[in-house]
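Using the sequences and the accompanying hints, generate a full structural model.
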Amino acid sequence: MDQRAQISVEYILLVAIVMLIVIVFAVIITDQNEQNNVASAAQLGATNATANLIFTNTGQSPVKVTSVSMTNGTTINMTIHFSRSVTGQESVIIDSITKSLNSAGYTNTSKTTNSVTLTTSTGVSVRHTYFITLA
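Position 47 of the sequence shown, counted from 1, bears residue number 47 in UniProt numbering, the numbering being contiguous throughout.
One or more of the hints may lead you astray.
As the list claims (entries may be wrong) - Simulated crosslink set (EDC-like; lysine to aspartate or glutamate; CA at most 20 Å straight-line):
1. K111 to E90
2. K64 to D95
3. K64 to E90
4. K99 to E34
5. K111 to D95
Stated by the list, open to error - Restraint ranges, calculated between C-beta atoms of paired labels, are given here:
6. S83 to V15: 52 to 60 Å
7. N102 to S8: 38 to 46 Å
8. S67 to G123: 27 to 35 Å
9. L13 to T109: 24 to 32 Å
10. V22 to S67: 29 to 37 Å
11. T30 to F131: 15 to 23 Å
12. S83 to I17: 45 to 53 Å
13. A135 to G73: 13 to 21 Å
14. T117 to V15: 55 to 63 Å
15. S85 to V18: 37 to 45 Å
16. T122 to N102: 34 to 42 Å
17. T122 to G59: 43 to 51 Å
18. S8 to T74: 24 to 32 Å
Derived by calculation from the structure, the hints in this document are not laboratory data. A virtual CB, placed ideally from N, CA and C, is assigned to each residue, including glycine.
So, in structure tokens, the structure goes:
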């Protein structure tokens with residue numbers, strides 16, 4: 001009888017360790033997935049805005065999104081880089097980024113003429129605050 005109980009305890013400990021590892025990885029993956037989704041939505045919004053600007057104003061030279069840089073931490077600074085200056089079109093691009101974030105399900109946004117602030121939460125507390133600017 002003692003040997004069967006020993007096997008049960010070992011089995012329970014093994015299952016508990018496996019579950020702990022899965023939970024730790026799930027938390028890390030969820031965090032990275034959120035950051036990737038926000039970066040993709042912001043880049044897509046900026047790309048759509050620059051494409052629309054070129055289509056509606058044929059005299060304007062093409063501009064493309066070259067990169068999106070991010071910092072880590074609770075407050076994530078995200079900077080969207082372009083192939084040339086977008087001075088004068090910031091508000092149109094910011095509006096498009098906000099629409100893209102809203103379409104991706106991120107509705108807790110606020111914007112100014114040259115930045116977007118997005119706050120995500122875990123349901124209980126704030127997970128990240130994204131501060132998105134144009135470069």
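Checked hints:
For the suggested pair K111 and E90, the alpha carbons sit about 11 Å apart, so the restraint of at most 20 Å is met. Taking the CA atoms of K64 and D95, the gap is near 17 Å; set against the 20 Å cutoff, the hint holds. Between K64 and E90, the direct Cα distance comes to roughly 14 Å. Compliance with the 20 Å bound is thereby established for this hinted pair. For a cut-off of 20 Å, the pair hint linking K99 to E34 stands: about 17 Å separates their Cα positions.
About 8 Å separates the Cα atoms of K111 and D95, which keeps this hinted pair within 20 Å; it holds. Range check, S83 to V15: about 53 Å between beta-carbon atoms, so the 52 to 60 Å window is met. Between N102 and S8 the beta carbons are some 52 Å apart, a value that contradicts the proposed interval 38 to 46 Å. About 32 Å separates the C-beta atoms of S67 and G123, a value consistent with the hinted range of 27 to 35 Å.
In this structure the hint that L13 and T109 lie 24 to 32 Å apart at CB is violated, the actual value being about 46 Å. A hinted range of 29 to 37 Å holds for the C-beta pair V22 and S67, which are about 34 Å apart. Between T30 and F131, the C-beta spacing of about 21 Å keeps the proposed range 15 to 23 Å intact. Range check, S83 to I17: about 50 Å between beta-carbon atoms, so the 45 to 53 Å window is met.
Between A135 and G73 the beta carbon distance is about 19 Å. The supplied range of 13 to 21 Å therefore holds. Look at T117 against V15: about 43 Å separates their beta carbons, and that is not inside 55 to 63 Å. Checked against the hint of 37 to 45 Å, the pair S85 and V18 fails, with Cβ atoms roughly 53 Å apart. Taking the beta carbon of each, T122 and N102 are about 20 Å apart, not inside 34 to 42 Å as hinted.
For T122 and G59, the Cβ-Cβ distance of about 48 Å falls inside the hinted range of 43 to 51 Å, so the restraint holds. One distance hint, 24 to 32 Å for the beta-carbon pair S8 and T74, is violated here, with the actual separation near 43 Å.
Comparing the model with each earlier hint shows violations of hints 7, 9, 14, 15, 16, 18; every other hint is respected.
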